[in-house]
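Enquirer: Residue-level listing of the chains:
Number of protein chains: 2
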Amino acid sequence: MKRNVLIIGAGGVAHVVAHKCAQNNALLGNIHIASRTLAKCQAIIDSIEDKGSMQQPGQLKAHALDAMDVEATKFLIRATRSQIVINVGSPFLNMSVLAACIDTGAAYLDTAIHEDPAKVCETPPWYANYEWKRREACKDARVTAVLGVGFDPGVVNAYARYAVDHCFDQVESIDIIDINAGSHGRYFATNFDPEINFREFTSTVWSWEDNAWKANAMFEHRKEWDLPVVGKSAAYLTGHDELHSMSQTLGVPNIRFWMGFGEHYINVFNVLKNLGLLSEKPVRTARGQEVVPLEVVKAVLPDPASLAPNYTGKTCIGDLIKGTRNGQAREVLLYNVCDHEACYREVGSQAISYTAGVPAVAAAMLIADGTWDIGEMANVEELDPLPFIQLMNGMGLPTRIRDAAGDRLLDPEREVGFSREQRKTASAR
Amino acid sequence: MKRNVLIIGAGGVAHVVAHKCAQNNALLGNIHIASRTLAKCQAIIDSIEDKGSMQQPGQLKAHALDAMDVEATKFLIRATRSQIVINVGSPFLNMSVLAACIDTGAAYLDTAIHEDPAKVCETPPWYANYEWKRREACKDARVTAVLGVGFDPGVVNAYARYAVDHCFDQVESIDIIDINAGSHGRYFATNFDPEINFREFTSTVWSWEDNAWKANAMFEHRKEWDLPVVGKSAAYLTGHDELHSMSQTLGVPNIRFWMGFGEHYINVFNVLKNLGLLSEKPVRTARGQEVVPLEVVKAVLPDPASLAPNYTGKTCIGDLIKGTRNGQAREVLLYNVCDHEACYREVGSQAISYTAGVPAVAAAMLIADGTWDIGEMANVEELDPLPFIQLMNGMGLPTRIRDAAGDRLLDPEREVGFSREQRKTASAR
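As given, the protein sequences belong to chains A and B, one line each in that order.
For the first sequence, our numbering begins at 791 and goes up steadily by one.
For the second sequence, our numbering begins at 791 and goes up steadily by one.
Because the hints were derived from the structure by calculation, they are not lab data.
Since this is a predicted model, take the numbers as computed values, not measurements.
Check each hint, because a few of them may be wrong.
Said to hold, decoys possible - Computed list of lysine-lysine pairs in BS3-like fashion (alpha-carbon distance at most 27 Å, straight line):
hint, chain 1, residue 1, chain 2, residue 2
1, B, Lys1071, A, Lys830
2, B, Lys1063, A, Lys1063
3, A, Lys1063, B, Lys1071
4, A, Lys1071, B, Lys830
5, B, Lys929, B, Lys792
6, A, Lys864, A, Lys830
7, A, Lys1071, B, Lys1071
8, A, Lys1071, B, Lys1063
What the hints assert, rightly or not - To spell it out: a stretch of chain B is covered by chain A in this simulated footprint if at least three of its residues, at any positions, have a beta carbon under 8 Å from a beta carbon of chain A; those stretches are:
hint, region
9, 840-851
10, 1069-1082
11, 1085-1095
Said to hold, decoys possible - A partial selection of chain A residues facing chain B, derived with a Cβ cut-off under 8 Å:
hint, residue
12, Gly842
13, Met844
14, Gln1079
15, Lys1088
16, Val1090
By construction, the Cβ of each residue, glycine as well, lies at the ideal position given by its N, Cα and C atoms.
Please take these sequences and the hints and turn them into a complete structure.
Expert: Written out as structure tokens, the structure reads:
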């Protein structure tokens, strides 16, 4: 049992995380929000108060913190008696915040893989370059660290684990598909930090094919998928965090990630990339100023959080899994559909932030009640997916399953006989 | 009679100007090249020596100069005994260099209108905002200042004057058309300073219609022109320097400027503009750096001078003039066709730099021999076009005429009885 949550970051995902923590503060205890800019933390607190999101009266506090400073972060963890840290700041912070958790014994959660600002799309598997180097340190300190527990990575990893354990004897392929069929009404915007968004696509696209890494180019492979609610949607083979753990943990020979892009997005992306404006390497202007082009592109694009009020439409994200069961070929789609406008009504965010933030809070709750408090580092597919899926069904992120038997809510109790009582005592592995 | 030339700037146009001055140093005397970066001046001198461009042995020297510093510029003008200054540096320098010329008595030439880095596309006529404010000062100091004497502005102004004086009783419209049908083989590049190039198109497009200014939007008006050599070419109504003097000096009711753009250029331009990346106003990055987006775009684009070695194809720039002669409707096209590869063979530049640089040197020669040494400020259409056109015919920029009588070289001697001897004594106005 762990209590009191420190949220690192004050962007769009942190906004959702804070709201959802507030909605569950009977279990989670005090809520602290820390980022470099105190005013951004305070704006989130104001929004929680406006929406009346607190489940019961409790502490909700803003802090100014440079989370690259490990000692300052440790001090804040201790001062706030936080036993759970949800890191939804920049992915450049992961290793610093993780270090602070290891030293203080707090559980660590994040929603995206660590990145070095100076490198893009490094040698796979990416987790081995940073986070996994601290596996032993977590184990020695009995620190629970759940990596990448947003929607993708995160929920899609749990879907894969669920499919491997409960739907198939043998899984042949997992295609993770992420479609945002929403519209923000702006000329161009990214749905999360543009710097991080573009960095995903500016170099080699790694996929896992026949049990080996395959290097592709961005927008090299296009496929049209027919998905529930959002319908036929074009998506492109993309490099993404979850492949770098799932390829190592699940024993599935083919794992691919597909991201939906419209022609307009691709055109803008290609222009910026071909001109060199998505580069993370500094250039020198005629006036002698050293500037990272990507940081300037980020500065001119809309703040993703500003898109929420006018966002319409829905997202569909899920895993299409193929394999065999009892000698028969089988195909299962596990997915969630999320509505931008409903998210905005509930917490003042768009669905991209919402789908990333809610799973992190579900994971925090599973650590708080002991279910996932494993005292070591894990990626999501290494944890029992049943309590996670069941909990999110009641938190605004219901999981649906589409297979030969039809399309329905995935109720772990009905599908595999997993009950709420079992969840309370479920072992993490 | 004036001698010794100081060239300000060391970009693509300065390169051509220096080569052409070298080819005519018997008349022009010593040649000095000054820019902030000494190495760029020296590279031009090396190239002149490689090509053997010097007409006769003479002085050819590089200087480091910040031409925003009027006192430093005056010092250099005096130290080098330069009586002619050809300003082909950034258009932000014009007023400073002009001030240095007024104080030292040196003749002043430039090829583009003055710009304030903080302003784009100001109230027309643009010359009235800056250069024309120094008209009286030039007259008082008996300083010859020829504004905008590149190709466009410059030669196209002379063409207009030629048409008004020698081809029509009444001119109804002048359409200046600038088509670059060449190919540089790069994903995207501008043919001269990207900062200046984009600034031309990022705000209101002014044209002169029915004796009044008309405000249009960029890419609002498209027209296909059928031109010699380059054939059918799409061009768009664009704001441009020469309209801002010709509208005031020629008494022609309609004067428009059309620039040729391919679909690809327009797409890249629109993406950059719509994202705010062509803005001259600073933005603040997440790291707190103040950056002008346009300066970063300039920094990532190819140096226009670097395009020259692989540039193929031709440019066609000219004036299509409509009006009446002896009560009959008449249409005349005055134009030049310039070949990128031929320019590179001759001076190591592409045709865009070449067509801008050669006229400035022709003008310097007309000042040196007294023909255009008028002791006051003028735009090109206020000067006699005949000696200018005749001189350029022998300098690599021949003028052709297409009218009802056919398509032929415009030989002022044959067309209007203007002889070389007359040129020597021609009065400037």
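Enquirer: Just pull the numbers of the violated hints for me, sorted ascending.
Expert: Numbers 9, 12, 13, in rising order.
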